[in-house]
Amino acid sequence: MSAVEVHETVKRYGAVAALDRVTLRVAEGEFFGLLGPSGSGKTTLLRAIAGFVMPESGEIRIDGQRIETVPVHKRGIGMVFQNYALFPHLSVFDNIAFGLQVRGIAKAEITERVAEALRLVRLSGLEERRPRQLSGGQQQRVALARALVTRPKVLLLDEPLGALDKRLRQEMQVELKQIQRTVGITTLFVTHDQEEALTLCDRIAILSEGRLMQIGPPAQVYEHPQSRFAAEFLGEANLFCGSVERGAAAGGKVRTTAGVAVESALPPPDGEAILAVRPEKIQLVDPAKDAPARANRVEGRILRSIYSGSSIAYRIEIPGQELTVFEQNRAAAPRDAGAAVTLFWAPEHSIWVTP
Amino acid sequence: MAPILLRSVLVLVLIFLYLPLGVMAVMAFNQSPLYAMPMVFDTIWFERLAGNERLVGAGLNSLAIALANTAIATALGTMAALAFQRYRFRGATLLQILLLPPITIPWLIIGTAMLVLFFWTGIGRGLHAILLGHVALSLPYVIVVVGARLRSFGVTLEEAAATLGAGPWTTFRRVTLPVIAPGVVAAALFAFAVSFDQFVISYFLAPPGVSTLPVEIYSAIRKGFTPEINAISTVIILVSMGLMLAVARFYRFGGER
Numbered sequence: 001m002s003a004v005e006v007h008e009t010v011k012r013y014g015a016v017a018a019l020d021r022v023t024l025r026v027a028e029g030e031f032f033g034l035l036g037p038s039g040s041g042k043t044t045l046l047r048a049i050a051g052f053v054m055p056e057s058g059e060i061r062i063d064g065q066r067i068e069t070v071p072v073h074k075r076g077i078g079m080v081f082q083n084y085a086l087f088p089h090l091s092v093f094d095n096i097a098f099g100l101q102v103r104g105i106a107k108a109e110i111t112e113r114v115a116e117a118l119r120l121v122r123l124s125g126l127e128e129r130r131p132r133q134l135s136g137g138q139q140q141r142v143a144l145a146r147a148l149v150t151r152p153k154v155l156l157l158d159e160p161l162g163a164l165d166k167r168l169r170q171e172m173q174v175e176l177k178q179i180q181r182t183v184g185i186t187t188l189f190v191t192h193d194q195e196e197a198l199t200l201c202d203r204i205a206i207l208s209e210g211r212l213m214q215i216g217p218p219a220q221v222y223e224h225p226q227s228r229f230a231a232e233f234l235g236e237a238n239l240f241c242g243s244v245e246r247g248a249a250a251g252g253k254v255r256t257t258a259g260v261a262v263e264s265a266l267p268p269p270d271g272e273a274i275l276a277v278r279p280e281k282i283q284l285v286d287p288a289k290d291a292p293a294r295a296n297r298v299e300g301r302i303l304r305s306i307y308s309g310s311s312i313a314y315r316i317e318i319p320g321q322e323l324t325v326f327e328q329n330r331a332a333a334p335r336d337a338g339a340a341v342t343l344f345w346a347p348e349h350s351i352w353v354t355p
Numbered sequence: 001m002a003p004i005l006l007r008s009v010l011v012l013v014l015i016f017l018y019l020p021l022g023v024m025a026v027m028a029f030n031q032s033p034l035y036a037m038p039m040v041f042d043t044i045w046f047e048r049l050a051g052n053e054r055l056v057g058a059g060l061n062s063l064a065i066a067l068a069n070t071a072i073a074t075a076l077g078t079m080a081a082l083a084f085q086r087y088r089f090r091g092a093t094l095l096q097i098l099l100l101p102p103i104t105i106p107w108l109i110i111g112t113a114m115l116v117l118f119f120w121t122g123i124g125r126g127l128h129a130i131l132l133g134h135v136a137l138s139l140p141y142v143i144v145v146v147g148a149r150l151r152s153f154g155v156t157l158e159e160a161a162a163t164l165g166a167g168p169w170t171t172f173r174r175v176t177l178p179v180i181a182p183g184v185v186a187a188a189l190f191a192f193a194v195s196f197d198q199f200v201i202s203y204f205l206a207p208p209g210v211s212t213l214p215v216e217i218y219s220a221i222r223k224g225f226t227p228e229i230n231a232i233s234t235v236i237i238l239v240s241m242g243l244m245l246a247v248a249r250f251y252r253f254g255g256e257r
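Those protein sequences? They're chains D and B, same order as listed. Take 1 as the starting number for the first sequence in this note's numbering and just add one per residue. Take 1 as the starting number for the second sequence in this note's numbering and just add one per residue.
None of these hints come from the bench; they were simulated from the model. Check each hint, because a few of them may be wrong.
Claimed, not checked - List time: in silico EDC-like cross-link candidates among lysine to aspartate or glutamate, alpha-carbon distance up to 20 Å: (1) K289/D - D336/D; (2) K153/D - E159/B; (3) K74/D - E159/B; (4) K177/D - E30/D; (5) K153/D - D165/D; (6) K74/D - E158/B; (7) K281/D - E195/D; (8) K166/D - E195/D; (9) K281/D - E327/D.
Note that this is a predicted model, so its numbers are computed, not measured.
Model the full assembly from the supplied sequences, consistent with the hints where possible.
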């Protein structure tokens, strides 16, 4: 088990910075997610740690040792690729045994360790199959077994679940997490799927245009995004822009140009700031009913609803802007378009973010 | 209507391709040197062929050159294809474009040009010059065929091998080469055929007294055609078809083994 440290790492492609002074530290045994849209630099960072990309400056350490000049095959990493990259000319056994064979490990030990790896990913009995005779999920497991069997210091996962259909992906998420826990290996996981990152990772880093936007445990990053980008990329967010007013007590307030005042329990930061509110934090009541005291309260009108089974997303018009609100599907029928509603939410749920 | 038309076209193509070969093979077993009918079965021309040192010698020359050419051109061409696909270097695009014209420039012109150059540089004529010419001629075919195979696999398999601890040479030997093997075998066949078939360049570069099979067959036809030519051609047809079928049996072209 090893820690991975990235310090002030820079990589440019022409004028575009794929990595712009990225600094982070992944603790031993941690499941760490790199999350961002395509072109955010998450894959470049993973490939720099793997050794496929040579950073221009900065340091990368595994176990405290600088590795920028160590060639890929001597870095002691395991990697699972997006399309698995299984060797088509080799059987499942030989695919998994490959890393052991090139290390010159004795045959008997190889047989034992491959069997152990296959048990870990629950594929015992498929040793003689060729990769193309396996389903997507099975191929994914073989790739994982192949990456783990050499007992690498660090496991790198490049969107390993991206090619699976949704149901299988959810199954594999659970299994991946379990295996990672069992093995206890330091893992870096690249994904553009925010839900996957939230489910799997101990901590996540959000990247945008080569810059690190925020690092933290999933709940912290989701509940307290620091920037507008983080708020909108990880889940959805309703934003209130306007003049910031510092409250008498600890909190603060934004007054939008349309005159809507939104209160936050948290003190506004220095400089420009906007308030973000997650759609599921807002509750809807009929206008006649009372909202609790000490809550933000806005009157609105339902524009349309999007039915998605367990919940319903409403697009709601309030003075000067539109909001999105998720409501649990508890009622007999969705609210009608055009109906007036009262929106309210606790001031703790208004989060200050940088624009 | 359409299927009948398509089928007749197919039948006609097959007839025009294989009938002459069939006639030649049958006539190799006809006793009469003048193709007289009715045919009398005899293996006399094969016996004569075995005693014809010029023809057999030319045949062995051709085989030796073709095999040497296959080995050299396939090895060099595979390396070049790897360089084109896996590395970025100055002039790569220009070099790749330069590969194609030799495939389209008439062999007669290339042959003349080589003769001039070899004479001028002192390389001269002979089997070594013929081999040199054949290697130069078959390289583009090898590079194009192996390159196509390499491109269809991309670099991910090689990257995966590296993460598993395999150095560049191990990666090539245990991953790249097995994966591109069908392409390499196809390219080797091309190289063999380009050389074994080659008349023009061999004709120009062969000094008196040295010749290859196509050159020898050509001069034999001019001097007076004997069914020994039919006999040796039949042998060649059988060997090359056998080779093709054997390869096709082991590799489905373009697909996995």
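Here is what the structure says about each hint:
1. Proximity of K289/D to D336/D is assessed by CA-CA distance (about 17 Å); at most 20 Å being required, the pair is judged to hold.
2. Annotation: proposed proximity of K153/D to E159/B holds, straight-line Cα distance about 18 Å (limit 20 Å).
3. Annotation: proposed proximity of K74/D to E159/B holds, straight-line Cα distance about 13 Å (limit 20 Å).
4. Proximity of K177/D to E30/D is assessed by CA-CA distance (about 11 Å); at most 20 Å being required, the pair is judged to hold.
5. Between K153/D and D165/D, the direct Cα distance comes to roughly 30 Å. Violation of the 20 Å bound is thereby established for this hinted pair.
6. Taken as a hint, the K74/D and E158/B pair is honoured in the structure, with Cα atoms around 15 Å apart against an allowance of 20 Å.
7. With a C-alpha separation of about 18 Å, the suggested pair K281/D and E195/D falls inside the 20 Å cut-off, and the hint holds.
8. At most 20 Å may separate the alpha-carbon atoms for a hinted pair to count; K166/D and E195/D meet this at roughly 12 Å.
9. A C-alpha spacing of about 9 Å is found between K281/D and E327/D, which places the hinted pair at or below 20 Å, so the restraint holds.
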